[in-house]
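Peer 1: Sequence:
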Amino acid sequence: MRVEIWSDIACPWCYVGKARFEKALAGFAHRDEIEVVHRSFELDPGRAKGDTEQVIDMLAQKYGRTTEEARGMEANVAANAQAEGLGYRTEGRDHGNTFDIHRLLHLAKARGLQEELLTLVYRANFAEERSVFDDAVLADLAVEAGLDADEARALLADPEAYAADVRADEREAAELGANAVPFFVLDRRYGISGGQPAEVFTQALEQAWKDREVPGLTQVGGDAAACDADGACEVPAASAPDRRV
1 MRVEIWSDIA CPWCYVGKAR FEKALAGFAH RDEIEVVHRS FELDPGRAKG
51 DTEQVIDMLA QKYGRTTEEA RGMEANVAAN AQAEGLGYRT EGRDHGNTFD
101 IHRLLHLAKA RGLQEELLTL VYRANFAEER SVFDDAVLAD LAVEAGLDAD
151 EARALLADPE AYAADVRADE REAAELGANA VPFFVLDRRY GISGGQPAEV
201 FTQALEQAWK DREVPGLTQV GGDAAACDAD GACEVPAASA PDRRV
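In the UniProt record's numbering, the protein residues as written are 1 to 245.
Take these hints with a grain of salt, some might be off.
Said to hold, decoys possible - Using C-beta positions, here's what the derived DEER-type ranges look like:
1. I34 / R89: 29 to 37 Å
2. G112 / M1: 16 to 24 Å
3. D57 / M1: 39 to 47 Å
4. D150 / A79: 37 to 45 Å
5. G27 / R2: 34 to 42 Å
6. I34 / P159: 31 to 39 Å
7. A26 / A75: 26 to 34 Å
Hints are computed from structural coordinates only; laboratory data are not their basis.
All C-beta atoms, glycine included, are put in the ideal place defined by N, C-alpha and C.
Construct the entire structure; sequences and hints are all you get.
Peer 2: Listed below in structure tokens is the structure:
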């Protein structure tokens, strides 16, 4: 069974949601028969390459908040990340265009190293003092993941390399009705939006496995924290998970 995950490296709830999904997958009886594919979704596609700013400043401007309020928003996300055992820096992180990162992830997918690179890029962006919007840092991360250094640098120097693959993922997300990430699609039958609790992913995996012959896409889980297509990453009001069929 295939699980497709639309996400963006700039999305903190994608980082948290990935960890929660992996926790559910680790306890799933048929985990060895699950293929996980990561797909591209840009939160800030209009931002020019090289145009970066501090996340705190971006949040304050985007939401019309004070700097202290923006820090509070980041602290809330950090608490969720740390509850999943993830590192999270609330200060000093950059925000920028992620198109090159998605292109590099498609190269990694072609070489069977997508999961390795994605994990490293998430960690660098959210937990370490490394800007993933710097080509030199990206090339180093690609090598750490197992990619060839010259091939990674050549991709970053060619803006058309794997660009069509990124755009295809984004068109498909729109066709599926995904307007926020993370967005999980299980066997093209069940859709899950946001960084849901691990138990929601567990329920969805079990149901999708049971109903593998049922056509159509069904939404599973209630509202959960996500980043929308405009880059907004606010936390929804707390509510108990539900299941819509």
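Peer 1: Now look at each hint and say whether the structure bears it out.
Peer 2: We went through each hint and held it up to the structure:
no.: 1; hint: I34 / R89: 29 to 37 Å; result: 31 Å, holds
no.: 2; hint: G112 / M1: 16 to 24 Å; result: 19 Å, holds
no.: 3; hint: D57 / M1: 39 to 47 Å; result: 42 Å, holds
no.: 4; hint: D150 / A79: 37 to 45 Å; result: 41 Å, holds
no.: 5; hint: G27 / R2: 34 to 42 Å; result: 19 Å, violated
no.: 6; hint: I34 / P159: 31 to 39 Å; result: 34 Å, holds
no.: 7; hint: A26 / A75: 26 to 34 Å; result: 28 Å, holds
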